[in-house]
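Novice: Protein chains in written order, with the working numbering: chain A, 1 to 232; chain B, 1 to 232; chain C, 1 to 232; chain D, 1 to 232; chain E, 1 to 232; chain F, 1 to 232; chain G, 1 to 232; chain H, 1 to 232.
Incorrect hints may appear among the rest.
[To be verified] Simulated coverage check for chain C against chain A, where a stretch passes if three residues somewhere in it have a Cβ under 8 Å from a Cβ of chain A: (1) 16-25; (2) 164-177; (3) 184-198; (4) 220-226.
[Unchecked claim] Pairs of lysine-lysine, BS3-like flavour, derived with a Cα cap of 27 Å: (5) Lys216/B with Lys229/B; (6) Lys229/C with Lys229/A; (7) Lys216/E with Lys55/F.
By construction, these hints were calculated from the structure, which means they are not laboratory data. Just so you know, even glycine gets a beta-carbon here, dropped at the ideal spot from N, CA and C.
8 protein chains.
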Amino acid sequence: MTRKEIRLDFERDSRLGFGEAALCAQKTVPQIEEILRQADDARVPFLLTRLDPEKHERLSAAWRERLDYHPQSRTGFLGFASAARGTPDVAVVTAGTSDAGPAHEALRTLEFNQIATTPIFDVGVAGIWRLMERVDEIARHPVVIAVAGMDAALPSVLGGLVPGAVIAVPTSTGYGMARDGETALNACLVSCAPGITVTNIDNGYGAACAAIRALKAMQMIVERQAVAKAAE
Amino acid sequence: MTRKEIRLDFERDSRLGFGEAALCAQKTVPQIEEILRQADDARVPFLLTRLDPEKHERLSAAWRERLDYHPQSRTGFLGFASAARGTPDVAVVTAGTSDAGPAHEALRTLEFNQIATTPIFDVGVAGIWRLMERVDEIARHPVVIAVAGMDAALPSVLGGLVPGAVIAVPTSTGYGMARDGETALNACLVSCAPGITVTNIDNGYGAACAAIRALKAMQMIVERQAVAKAAE
Amino acid sequence: MTRKEIRLDFERDSRLGFGEAALCAQKTVPQIEEILRQADDARVPFLLTRLDPEKHERLSAAWRERLDYHPQSRTGFLGFASAARGTPDVAVVTAGTSDAGPAHEALRTLEFNQIATTPIFDVGVAGIWRLMERVDEIARHPVVIAVAGMDAALPSVLGGLVPGAVIAVPTSTGYGMARDGETALNACLVSCAPGITVTNIDNGYGAACAAIRALKAMQMIVERQAVAKAAE
Amino acid sequence: MTRKEIRLDFERDSRLGFGEAALCAQKTVPQIEEILRQADDARVPFLLTRLDPEKHERLSAAWRERLDYHPQSRTGFLGFASAARGTPDVAVVTAGTSDAGPAHEALRTLEFNQIATTPIFDVGVAGIWRLMERVDEIARHPVVIAVAGMDAALPSVLGGLVPGAVIAVPTSTGYGMARDGETALNACLVSCAPGITVTNIDNGYGAACAAIRALKAMQMIVERQAVAKAAE
Amino acid sequence: MTRKEIRLDFERDSRLGFGEAALCAQKTVPQIEEILRQADDARVPFLLTRLDPEKHERLSAAWRERLDYHPQSRTGFLGFASAARGTPDVAVVTAGTSDAGPAHEALRTLEFNQIATTPIFDVGVAGIWRLMERVDEIARHPVVIAVAGMDAALPSVLGGLVPGAVIAVPTSTGYGMARDGETALNACLVSCAPGITVTNIDNGYGAACAAIRALKAMQMIVERQAVAKAAE
Amino acid sequence: MTRKEIRLDFERDSRLGFGEAALCAQKTVPQIEEILRQADDARVPFLLTRLDPEKHERLSAAWRERLDYHPQSRTGFLGFASAARGTPDVAVVTAGTSDAGPAHEALRTLEFNQIATTPIFDVGVAGIWRLMERVDEIARHPVVIAVAGMDAALPSVLGGLVPGAVIAVPTSTGYGMARDGETALNACLVSCAPGITVTNIDNGYGAACAAIRALKAMQMIVERQAVAKAAE
Amino acid sequence: MTRKEIRLDFERDSRLGFGEAALCAQKTVPQIEEILRQADDARVPFLLTRLDPEKHERLSAAWRERLDYHPQSRTGFLGFASAARGTPDVAVVTAGTSDAGPAHEALRTLEFNQIATTPIFDVGVAGIWRLMERVDEIARHPVVIAVAGMDAALPSVLGGLVPGAVIAVPTSTGYGMARDGETALNACLVSCAPGITVTNIDNGYGAACAAIRALKAMQMIVERQAVAKAAE
Amino acid sequence: MTRKEIRLDFERDSRLGFGEAALCAQKTVPQIEEILRQADDARVPFLLTRLDPEKHERLSAAWRERLDYHPQSRTGFLGFASAARGTPDVAVVTAGTSDAGPAHEALRTLEFNQIATTPIFDVGVAGIWRLMERVDEIARHPVVIAVAGMDAALPSVLGGLVPGAVIAVPTSTGYGMARDGETALNACLVSCAPGITVTNIDNGYGAACAAIRALKAMQMIVERQAVAKAAE
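Build the full structure now, drawing on both the sequences and the hints.
Specialist: Below, the structure written as structure tokens:
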């Protein structure tokens, strides 16, 4: 593998509002280190996702030292500055204990992009009182990321109760006809509560990027209104 | 088609507690009429299911006259005597308007077998207050048949709230990834609420038979206890 | 079918920001007319979707007269007041001529909810210059609905170029391995451009509702900021 | 992982008639130990399912000592009191040797909930005399759990012979087109014997819960009749 | 369509023991008539399969007159001489009324090839006594064609009871997870009774050809033994 | 696991012409040893299939010594007497080197049942001259087992060239859209050469049993003819 | 539908070597007529594909008169000049009569683009002598389009015998596990003969375009060599 | 395993223009060594594909020494002479870092067959400017192999921009609905850019063979023209 085989997109941040990140799942250790080297040379903060603890261990000590690594989310930050403060814009809600991995991936991606978040875990519909207790709190967030596997009834129920953007992350929990998350995914896509959108299975990173896009959309409108006002 | 190609199972009632019925969907009009003739000769009441209005129209006038036909459920009764009375043992609950067909198939099958029922329609979870208003009423029924399509969140939510038998009937409502009911079916099978059992897609008839089996099971225990008591 | 079998959710508007709508695809004409009657009694404007021209023809003349019906989108408005004005917040972009149906469903749903839109049709990537000519115009919209079938490369390319919310609507165009839209759907879900969210196949209505949610989220933030300011 | 990420539903027992249990398959050892700690604090007996021998080994010695662990069923009991006595209400029937795992999961779940059972193993239909010898015995049980993989013909044949509730558990035995149990599942769903209901693949736990629900339904009727009598 | 676009394989009979036949399902009326013309010119008896009554009606009167057409099996014979006599070698057994079509296709194909058959209809396992009554009769046939849809338990049960060749024809009866015969097919492929072989869904013609091959195999052995004897 | 959980079918040989065998893939070592013990007690020769070398190693030394084990076919014989002699009745033909495993499973099963065989390996259609050289030899066998993966064109080509019974064994060779043998299986099921029957993927054992059934069928006819002659 | 909703790509010819064509399957009659109008205004010859005879009939008489329409291929030419002459570069080979539709679509597309072709029909491998007779003729063509459904063994066999480019067009012929062409497609993709490439099911048009690309590639090399020579 | 079980096709080179290669994935080490022995005896250069580093390590030292092995592509050359020189005819283009494996397999196969290539890596459409920078360079190649996973938008975009042969290699990168490459494969098959052909998932070897066939086709035309000229 030579340096020329990898070409990062460092302008993504200015174009889209969030920088490039590298999905490490199918990359070799030399490929990941080359990516870190290019990011470091360009002096841009960089996010690694799907970096298994085993693979993380195989990175050189020098990189491991510089990387802010979080095993449950399998994410690593290079050159991260500081977390967001203020009222959280995004709630990350999970149905069960087994959904924690993708939820943490979303939380860490939002943290890396300096978005404040509220984690609300283990409120699945099998004991619906757990959810009902916290509905008002959830509904105050402009963006809700709902993480659920198996039958993924949580996003449907939430979609009927909260007014903001609802982004469903189906997860690969369960067995048999859970089909590694396909049933959860399809249940989200055909949800009887309208206006829910969906990401790939276990894609906490993608849901966080979608949340950033939604917040960016708001910022665009606010800026447009400011321009319009100034023009009056 | 000759008479010998059809052989009905008239002892099923004494063996199982409900008589044989004929699924008309893939049968020809002459086959259906032959079945009615055999049932009539044997003087057993007989239930037809999946008899489309168009096919019903093509039966001879003589049979049409004798058949108690109900178009929305696509069922016909031959030689039916009288409905059940008393406190209903089975609630048939639907999520949306489009689930009415299989729900009526279940209701009619139970009626034919003299089981009293409570229909509770259009209480899907997208507006969960509709369901919450009626949960206590539903929970008083020993057997609940939950009919729902699309993401089929209704049986999951019900399964966490009612103590009796919950039989889910996934329906073929919806489009795209609803996949003619497969998503609803799979969501029911992997429900996060335990102890829900499931029938084939749109199989209101099968759910009714399962309800009859559950009631039969109770009767067996009661009889056994009576025998035990008598033996004391 | 009796009146009790249908129960509409008229408070949805105040709860979610958009009113209930009825998917007519698997409903009978009597069911649709009963729904219109209830909406009319409640004096709420009402949206019908997936109302085929043939089924529309079978509604009573009285209802047909009062309904603002649009055949290509298969939508009908009851009691609609007036369209939105001002700078459009949502661009609806299609890849090819055959994607027009779901795109019009999204446009009409947004119109019904008084959101101004920009339609941009037939800019699929097979002739990428068609898209490149209009990228800057598209990128100025806070929310972009990208409607595409077959390989659905359009949302991926757009996702790398525009900063706002990108909602992909896969469509059932094509044949063979297009699999009635499943390939387009899956391609959107695994898009190499991050932060794209996806709706069910051909679900222009759902994409419009998601756009309304994203705009609602913006309004929530603005209101929160106003409250915070007032509190200073 | 913090304590707040897990929230158990200890009222489930009073609501549904069986307590919460934890599916350990996709949980980490720290998550399982936290669950045991919460259950222990609340002083409720607790059931663990899908706890592989390897994962069981990795629990702390203190928990291992207190846990009544059964490797073939992969279940563990915490704080279990005593087994049921009396005439068994549930027969658990298997088709072949490879179906023993899910059958033992059902038997242990019933034991934990103090239901008496009859295990009847290895009576698949390829040598139908093995089944015929025991049909009368099986038919005396109000509830029959039929565990079978491959073509799952056993529940169909049983469904035509026994009058009580028949709950089919398809298993993931076999290879090739057995498709990890999907063929068995689908065969059960479309069984030609009516009134069979089905659980997810290998879901012995769910079948046991469904059996408990059926017995609970019976109890509800008996209580209702007692109340009615008292009111006379 | 020109004559050159169709090229029949008239030597198949001498090579394989049964002549070429034409599957009419996806052929146009002109294509079918051209095939009949070529067969007629070559003076070979010819078999048409999957010729729907509607398409049969659209053949020219001259061909219709010469064709021995049987609607339920959708087969037509051109130039057929006489039926077989003697002890039947092949039993064609069906599970239910809806399986009659493919069973008749097999029966007619065997008749066309002068093989004597025994039809045994409607002996599915849901009422297993119907099958048990006739097992000895079935087991006396060297070749058994078992035609069954839905869960296709019949071939499995037969496979455990009869010693000769068992050829399963899964059928597309049923609905929902019957999946147009795929569940029946897969159930046959993973049957717990060994040595069953399987044809495509609804392929009565193919099963008949396989039966002819099995009988041909027998003839080869007999001839070989005769040669061996003569050589002594 | 107790002795009562396993019940073998030792009469299968007299009923079907081949004895019971045990599929070891999903059985534990104690289960396999219990099966051997029962077979040994009953003094019947016994066949084990899908016994991986690793699992074979874990059997007790006593059983390993008594077992005639063949690693490539993963089969073991207990109490096997002697091989067949005479002209082979069954040809086992493979397309490629990777198909050898299931082919050897078929060969060993036939050997165990004292049927003489001809192995013909590596004659797939990509270099059709390899097949053409040996077609006449293959065609002299009454029964041909054709073992092929990937596109499984071999059974189709053979089916057009040989007159006897053709039993196709699709194999799980290949990658990507080979889908672990499903493509090979489906290609065999829809083969354009009629009268081919098919077994489950990699099921060399089942194909051998089907061959034994076909030979048994022949024997039944010969015996019937002898009886008829004697009766003259 | 307004004119702005359709935007054709008239520069495609100069860019790619073949002009834009319109797939009419999911287009309305007004959309098709608008496309013809734009093509006519631009004075470019234009190709319509998948234009069913019924839809063709519904075009205005004026367009019908100007269109060179061919029903079996469902193609129409607008403004076509003259056919190619000279030695054919492309052979279009079919397995069976039912594959004629996509084969004619390929032939017409090549004709429209002035490529000379050789049609070779009905040479499937079930009677392999039909193919062997013509192999040498086929092998002389630089590009071979192999059109086959069901098990699609033809492209595999051809791929082992001809040296030029082999483009497989799987077709939707057959029933049951032919799965509308998916089995044929997968069999082509995993063909044991290397270097075969594949198009979508029934995509004769795409195969023709691929053949044009292959011929264009040749032309590019020849031109490059001429330039190189001139530069010497 | 005996020598007779493997039969190589050494005439393939003269017949097709490229020699036989062995797919090592499902072959044992003894089988691979036997293949090398036969190739060595025949003195033909030989290509091994899908030879994992682990399996390579297990070959005998003698073979390892003689083999030119390349781990990332998992290919080995036996008896390879020298690389091609001159202007590259084939560009191998990848979308992302994870697609490098199949791309190197294609590059190595072309190198083995003495075709000059241009590798162009990491130009996927999520940052389309990376692709646009190099389009002119790519378009100068007669044959383009486009290697892409996930949504595989790269081949579609390329197909609209380059005139020569475009061979798409879908890869198994991604997770969830990427379905091990099936989504990429289907997206390529239904690409909106016409004339793209497709190979099996990850099949870099097959794409290289297809490129060789396309170049062979060119050579055939050139030779034909030379013959024609000479004949003048």
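Novice: Each hint: holds or not?
Specialist: Right, here's what the structure says about each hint:
1. 16-25: Since 4 is at least three, the answer is holds.
2. 164-177: With 4 residues closer than 8 Å to chain A, the stretch 164-177 of chain C meets the three-residue bar; holds.
3. 184-198: As far as the stretch 184-198 of chain C goes, the hint holds, because 8 residues have Cβ atoms under 8 Å from chain A.
4. 220-226: Since 4 is at least three, the answer is holds.
5. Lys216/B with Lys229/B: Satisfied, since the Cα-Cα distance of roughly 20 Å is no more than 27 Å.
6. Lys229/C with Lys229/A: Holds, at roughly 19 Å.
7. Lys216/E with Lys55/F: Roughly 42 Å separates the two Cα atoms, so the pair is violated.
In summary, the structure is inconsistent with hint 7 from the numbered list given earlier, while agreeing with all the others.
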